[in-house]
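Colleague: Chains as they are written, first to last, in the numbering used here: chain A, 803 to 1247; chain B, 49 to 486; chain C, 205 to 294.
Simulated from the structure, these hints should not be mistaken for lab results. Yeah, the Cβ is synthetic: ideal placement off N, Cα and C, and Gly gets one too. Please note that a few of the clues may not be correct.
[As the list claims (entries may be wrong)] Here are the simulated distance ranges between beta carbons:
#1 ALA239/B / ALA251/C: 48 to 58 Å
#2 VAL1045/A / ASP265/B: 29 to 39 Å
#3 LYS61/B / VAL1045/A: 51 to 61 Å
#4 ARG1039/A / ASP333/B: 42 to 52 Å
[As the list claims (entries may be wrong)] The list that follows gives simulated cross-link-like pairs (lysine-lysine, PhoX-like), each with its CA atoms no further than 20 Å apart:
#5 LYS248/C / LYS356/B
#6 LYS900/A / LYS862/A
#7 LYS1229/A / LYS1213/A
#8 LYS1047/A / LYS1138/A
#9 LYS89/B / LYS279/C
#10 LYS89/B / LYS258/B
#11 LYS907/A / LYS1096/A
#12 LYS301/B / LYS389/B
#13 LYS248/C / LYS1047/A
#14 LYS301/B / LYS248/C
#15 LYS925/A / LYS963/A
#16 LYS1047/A / LYS999/A
#17 LYS282/C / LYS923/A
#18 LYS1138/A / LYS1178/A
#19 LYS925/A / LYS282/C
#20 LYS1178/A / LYS908/A
#21 LYS89/B / LYS925/A
#22 LYS258/B / LYS1047/A
#23 LYS337/B / LYS282/C
#24 LYS282/C / LYS930/A
#25 LYS215/C / LYS356/B
#26 LYS337/B / LYS215/C
#27 LYS286/B / LYS258/B
#28 LYS923/A / LYS286/B
#29 LYS237/B / LYS264/B
#30 LYS930/A / LYS389/B
[Stated by the list, open to error] Coverage of chain A stretches by chain B, computed from C-beta distances (three or more under 8 Å per stretch; other residues unrestricted):
#31 992-1005
#32 1151-1162
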Amino acid sequence: MKIGLEIHVQLPTESKMFCSCPTTDADAPNTHVCPICLGMPGTRPVMNRKAVECGIKLAKMLNCQIPDTMWFSRKTYFYPDMSKGVQVTQFDHAVGSKGVYHIGKKPIGITKIQIEEDPGKTKRFGDKSSLVDYNRAGMPLAEIVTDPDFSTPAEAREFLKQLITDIRRTIDLPGDGERSIRCDCNISVGIERCEVKNVSGLRNVERALTFEAIRQTKILKAGGKIERETRGFDEERGVTFSVRKKEYESDYGYIEEPDIGIFHIRELADSITIKESHVTMAARLSKEYGLDEKTANQMVLTSVGLAELFELIVKATGDVQMAVSWTRGTISANWKAFEASGKDPAGISEILVRFGKGEITDVETDMGIKSYMTGKDAKTVKEQNADLEHIIAEYLDAHPEIIDEMRKNDKTVNRVIGHAMKETGGKYSSSDIVSVTKRLLESKL
Amino acid sequence: MTDISRISALNEKYSIFARMADDPKTDSEFLFSAEDNLTSKDIETRCGSRILDGHRPVFDAYVIEKMKAYGGELIGKTNMDEFGAGSFCTNSSFGVPKNPFDMERSCGGAAGGSACAAAVIEDHISLAASTNGSICCPASFCGVFGLAPTYGRISKFGLVDCSNSIDKVGLISSDPKRIAEFLPVISGKDARDPTSCAQPPLELKGRKIKTVAVPKDALSNLSKDVASCFDSSLDALKGMGIEVDTVEMPSLKYAQPACTVIAAAEASTNLASYVGMRYGQQDGDLSLKFDDYFTSVRTEYFGEEVKKRIILGTFVRMGEARERYYMKSLKARHLVISCYKKVFEDHDAVLTPTMPIISPRFDEISMMTSAGSDQAGRLTAPPDLAGMPHISVPCGYSGNGMPIGMQMVTDHWNEDPLLTFANDWGSVFDIKRPEVTL
Amino acid sequence: MNKETLTRVAKNAHLAFSEEDVERYCVSLGEMINQLNILDEVPKEEAYVVNPVEIADILRDDVSGIFMDPYELLKGMKTYENYVRGPRLL
């Protein structure tokens, strides 16, 4: 089975790709429109700088080759939502090509990434005609095309999940609904492939692909032939359905887009540094600090901010082991509250510097950090801690075998957590329990 | 007779305008006209096509805006070949302009109405677009001056595109001084058209042309009248102290086919926006499936020559034909540009007749094939394809009194010497104006 | 140009031709295409450019604004509750 994806990401610009119309949600249809995005005769597109920058960032994120010069192409096809009858997109001089992106150890080839404009939106009007809203027409998109490198729908989903996280971070994409990521899924079980258009959401991608895999397998088993076609996905029923015979790329009759000119992007590309992706960051942490992969991943996935704090602590104290222990324990446990507070992470590393110098005990350090992170006063924290610590310590004393088991299987910690939960009857948040348990266990290990 | 009523009468006689202004101001400093592919807020803009019936643009083209700001009054939108498809301005749905030197003959195209206006209206200046000789051809047939400046010299905001990588906005007038006066008014960078933003400043300093190159191949297959007028003009040039060399420019032979391909390919994509929605004709039956609806509207309202260009343009960019025709044409353009640049290393300009023939009669045109009329543009296609500035100046009259023009081409951004030459030429050459009786 | 090609291209270009039309267009377009054969001589390796003069790096800043009343723009269009009316989709 071969699966390839085409992922459409709306780029987070304020204005559309070629005109100044806002990209925000409009109150009514056709109110964020102008002669340019309505394709009125005599208007011409002027390229949005930010869209080019975003395209370059994503190309870098996907380890693509970025050409010295890129330009746009015109794809011509007829549909009511196409205000100009043509879509400005990129064909063979795209912002990036031949990239690679890893899920775990598996490399996924990135055929290319192109910048293009979105068409408007259509809806049926009774059975007789249609209604078109051009508010979306001209929104800037990046289309990421992967090689057919996925061998299962689950793998495609895993890829998308990781990719979306990375994209959001790389171009500061907000996570709201309208801007969600749309995906075209290409899948072939035999030779001919089908394309399921416009699937949104991770779960739906996996569902659509799984349905298609089964459908195609059944046809082939029965001795049938797969038709090359474009299919749609019915989210409610979880089935794909035929929309039309697939057009071949050559039918779009691409020409070079003559209205916009060309872009020498080498310098711009060199000057742009992108934020490290989650995967790269985890890999780097693991390499630089000798963390095991799991710990590094966990830290980054909890929050990049957490991982950054970890690095800050290492820098301040020079003690990786201690930094890991506190980051995974108390700091992780209170991360959510801390993130919401917007406080300076340096405050935490300062406490740990004092701990490192032996100025404060580990209990004081724990309370100090907790108090700083949650904003609760030291006394409350102290009382809660004492109570909780007492219960857990008693349990560990009563079950010395747990310490041995812990050495073999770190999931044993769940038993302790379970006990503490039961004993405290919801008085403490589970994150508190986890952190105290881990700390006490680690001190005994 | 007031100016306006005289112009109305001229329009009656020569079919100059697709639409005249309803109620033009009479106290403006000057009157001007514009080809009907330049958008105008106050006057319907239809590009010679019924598919744009009723289209009232919401904005003035940059050039119209500039001319108005300079004190001008837009008197009307001139007739043109539908979306620029044609060489003789006979493919307009709103009247075929008649040549003021012989009413049985064509004004040339695509901007026939603009050249006609320049020929018959006193002190007139007309804005037009040049794609495949569509300024120089009619200027030559009507015995006036027509300047197509460098590609990107004048903003195309508001030009309804035919071929975006070739189209240039330019000027037609019977007086070269008028062209020199208005070129600075309408040129310059315009943030609404990226292609206008690459230009160096326009400097009109009276630079002179000292050497011209005449490509040898351009002199074959000329009509007798054209050949002899061109010969005498070369003598006149020498008399002005201009050195004339004959040169080989072998790549120019690719220009006309490449121009045809690129123009058709780009036009076919531009014309994809005309589907009976949003603007122009919208009276189709919306209960048809969209493919059928679009097909019915386009089939009904596009004229025959436009349909041919759409088919040709779609054909040359699809499948295997794309490489053979479209991509080859882009490469041919590169060869043509290099060929010019080489000649400009030791010559100031390239000179040819503008058209190989005098203006044909309408009955002759009706017998011509599309391929044949394309051929007529073989001398004007090279500079348009290469984005070079070129001017057509009257240079003689045939035995039956029809005007003949010659075309001077200079390197990119060198409009200055063209205008200097046109002005000097105006004092050497005895320009005849058509006799107009109303 | 043969009938099949013309029909295929016409379908793509959303134009319809009657039987007579098809013949006439095939002849006329055939002549036009024959004139293009000289392009075969252009070397495949030749470089090419998008515009005849270089138009490079023309970008606008990402600033939003509406400069024309969208309701004015819709005036000339067939609309329904501010939607633009279009033909049937399926």
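Colleague: None of the hints should be skipped; say for each whether it holds.
Modeller: Right, here's what the structure says about each hint:
1. ALA239/B / ALA251/C: 48 to 58 Å: violated (30 Å)
2. VAL1045/A / ASP265/B: 29 to 39 Å: violated (53 Å)
3. LYS61/B / VAL1045/A: 51 to 61 Å: holds (57 Å)
4. ARG1039/A / ASP333/B: 42 to 52 Å: violated (33 Å)
5. LYS248/C / LYS356/B: violated (27 Å)
6. LYS900/A / LYS862/A: holds (11 Å)
7. LYS1229/A / LYS1213/A: violated (23 Å)
8. LYS1047/A / LYS1138/A: violated (50 Å)
9. LYS89/B / LYS279/C: Holds, at about 14 Å.
10. LYS89/B / LYS258/B: violated (44 Å)
11. LYS907/A / LYS1096/A: holds (13 Å)
12. LYS301/B / LYS389/B: Holds, at about 16 Å.
13. LYS248/C / LYS1047/A: violated (33 Å)
14. LYS301/B / LYS248/C: Given that 20 Å is the threshold and the Cα spacing comes to 17 Å, the pair holds.
15. LYS925/A / LYS963/A: violated (30 Å)
16. LYS1047/A / LYS999/A: Holds, because 12 Å separates the two Cα atoms, which is no more than 20 Å.
17. LYS282/C / LYS923/A: With a Cα-Cα distance of about 16 Å, the restraint between LYS282/C and LYS923/A holds, given a limit of 20 Å.
18. LYS1138/A / LYS1178/A: holds (14 Å)
19. LYS925/A / LYS282/C: holds (15 Å)
20. LYS1178/A / LYS908/A: Roughly 45 Å between the alpha carbons, so the hint for LYS1178/A and LYS908/A is violated.
21. LYS89/B / LYS925/A: The given pair, whose Cα atoms are some 32 Å apart, is violated under the 20 Å limit.
22. LYS258/B / LYS1047/A: violated (63 Å)
23. LYS337/B / LYS282/C: Within the cut-off at roughly 17 Å; holds.
24. LYS282/C / LYS930/A: holds (15 Å)
25. LYS215/C / LYS356/B: holds (14 Å)
26. LYS337/B / LYS215/C: holds (14 Å)
27. LYS286/B / LYS258/B: holds (10 Å)
28. LYS923/A / LYS286/B: With Cα atoms ~65 Å apart, LYS923/A and LYS286/B exceed 20 Å; violated.
29. LYS237/B / LYS264/B: With a Cα-Cα distance of about 37 Å, the restraint between LYS237/B and LYS264/B is violated, given a limit of 20 Å.
30. LYS930/A / LYS389/B: violated (58 Å)
31. 992-1005: Per the Cβ count (0), the hint is violated.
32. 1151-1162: violated (count 0)
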